[in-house]
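> Going down the list, the sequences are from chains A and B. All residue numbers for the first sequence refer to the working numbering, where the first residue is 40 and numbers rise by one. All residue numbers for the second sequence refer to the working numbering, where the first residue is 1171 and numbers rise by one.
Keep in mind the hints are simulated off the structure, nothing from the lab. There's no promise every hint is true.
What the hints assert, rightly or not - Each computed SDA-like pair below joins lysine to any residue, with the alpha-carbon atoms no more than 20 Å apart: (1) K397/A <-> G1224/B; (2) K426/A <-> G1224/B; (3) K447/A <-> E1221/B; (4) K447/A <-> G1224/B; (5) K447/A <-> T395/A; (6) K1245/B <-> P400/A; (7) K1191/B <-> T395/A; (8) K398/A <-> R1218/B; (9) K419/A <-> G1190/B; (10) K397/A <-> T1223/B; (11) K397/A <-> E1226/B; (12) K447/A <-> K1245/B; (13) K433/A <-> E1187/B; (14) K426/A <-> I1217/B; (15) K397/A <-> N1228/B; (16) K87/A <-> A109/A; (17) K433/A <-> F1229/B; (18) K419/A <-> E1221/B; (19) K1191/B <-> L161/A; (20) K426/A <-> E1183/B; (21) K397/A <-> G1190/B.
As the list claims (entries may be wrong) - Chain A residues, not near chain B, derived (Cβ > 10 Å throughout): (22) N88; (23) K108; (24) G123; (25) K255; (26) I369; (27) H386; (28) P400; (29) L412; (30) T429; (31) L445.
As the list claims (entries may be wrong) - Label-pair ranges, simulated between beta-carbon atoms: (32) E439/A <-> T1223/B: 23 to 31 Å; (33) D300/A <-> E1183/B: 47 to 55 Å; (34) I1237/B <-> H213/A: 55 to 63 Å.
Please read these numbers as outputs of a predicted model, since none were measured by experiment. Heads up, the beta-carbon is just placed ideally off N, CA and C, and yes, glycines get one too.
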Amino acid sequence: MELATANQFFIGSKGYSMSAKQSVLSEILIINNIERGYKLAVISECSKNLLVTVLEFYCNQSDGLVIDKARFDSPMQDKLSNLGYYIIDLDEKKVSIPRVPSKATRDSIAIFTSGTTGQPKLIQHSWKTLVTCKKQVSGQSYCWLVTYTAGTYAWYQMITMAMFCPGQGIVLSHSQNPEEIWSSGLKAGMTAVSSTPTFWRYLFVKLGDNELIKAKLKQITLGGETVTQNILDKLATLFPKAKISHIYASTEAGVGIVVHDKQEGFPLEWLGDNKNKKRSQVKIEGQVLWIKSPYASKQFNGWYCTGDRVSLRNCRVIIDGRDALDLINIGGNKASAKKIQDVIASHKSVAWCRVTAKKAPFVGQIVSADLVLNSGVEEKIVCNFEKIITEYCKDNELVEWMIPRLWKFLEQVPIDNNLKSEL
Amino acid sequence: MAKNTEKVLGLIEVILERQGKFTDQVEIQASLQSIGFRSLDFSELCIRMEEDTGRELNFEAVQIRKIETVSDVCKFIDLALKE
C-alpha cells in the first residue's frame, strides 16, 4: 500500500506531514544499539510520537505495538517481555530488554484489546486488516477528530486511514478530556468525528447544543459501544447535513457492520447474505451475534462469536449488548438492562443513563440506575425526578420489577480512558 | 418502639410514594398488604437502610418469622442491624 504523503495530521492548528522523519524511536534504537528486525513495543504519553512511530513501523516493515502510557500496566509489561518484545519508553528514552528477544514477523501490528470485558488481550493484525474504510472515504476529503486512545483498534482505524487514504487529515489531542479533544478539533477545522456515543453524551451535557453546532461536520461515525436510536436522532438534529454512520467492530473480529441509514441496529436482510465475500457476514446463533469479517485479526479468521445479544425489531437486528452483563435476575424474573436503559434514555430530560444490577436481599438482584440530566432541566423537575421517571417507565411498558429502585444522579457522564461508559 | 422506627417509616413512605401507591402517613400497625408494600419494596428498604446507616444488615441474626405489618418490618430491621 502506498502512503498518502499529502495528508496531514494536526496538533491544535499546526499541521504536520505524514512522515516518519521526526521519529524519536529511531534515535533511541541507534543510541541503545538495538538492531531492527525484532519485536518492539513503544509507549508514550504523546500521541504525535506514537503516530510517527506507527509511520516508522510501516516504512521499516517493523513488527510492533504502540500504547498510550496511561493504559500501560504491569500485566501488559510482563506479557510483552515474555513474548520477547523490546519495551521502549519514548518519553523517558528508556529501553527494557527482553530475556529472549523475538524476531519480527513481516506485516504484523499487535494491539491490546480495550479490556472492557476482562484483562486486555494481545491481538495480531496486519496493515491490510487495519485499513477498513478506504471505500467509504474514497473521493471525499475530511479532517477527522481522533478521539480514541492511542494504540487501540479504533485509533488504528483512524491512523491507517490518514496513512493510506488520500484526502484524509486527522486531528490529534494530547488530552483525554472530551472538552479539550473537541476544542482541538475546532481549532484545526475538523469536518468529521469518529467517537463513542459516550463522547457525545458527555459533550451534550458539558458544552450544550449551541457550542457543538459551531463545528461544520460532514461525517459522524459512532462505534465502540452500543449505538441507540436516540443518539442517532439527536446527532441528526444537530448536524442535519452530516452523514452519520455507526460501526460494529472489535479488535478480534475487525470491522463487522457499517450502517449509514441513521437507524439503530442493521437490516434483517443482511443476515445470511453471503454473496459478497469481500464484505463481512453476520449470523445469529442462540440470540448471539456472530461475525465473519475480511478485516479480522489473523488469530480469528472465520466465524467469531461476539458475545453480544441481539433481538429483532421492525425488520432490524438490534444489538442489545453483552450477554452476561445484560440480564438482571429479580426474584427469578429476568430483565434486560439495555431495554430498561433505552426507555429511561428516551425521556426528554435524560442526557445519559446506565442500568445495572445491584445485589439485594430476598430477591437476589434489583435494578439500579445512574443518571445524568440535561442541563437546563427545571429545578422542580429535578427534585421530583425519581417519581417522574418511575411513572414514565410504567407508561412505557416496564413492569414493576424492571423499574429501577435505586437512582443515582451524577453531575457528568462518567467516562473512561477509552471514552466509553458502559460496563 | 423499635429503635429505627422513624427512619424505616420515612423510607417506606418514600418508596411507596415514588410508585404512586400511597401518599398518607404510614401507620405502624398497618398491614403490608393494605399499603401495597411488597417483597421488592422490602428489598429496596434494606438496601436503603444499609446506605443510610453505613452498616450491613445481618440477616442471619434474625429469626425469620412472618412479617405482616409495618411494625414487623421495623423489628426485623432493628434485629438485622444489631451487632
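> Broken hints, numbered, in rising order?
2, 7, 12, 17, 18, 19, 21, 26, 28, 30 and 31
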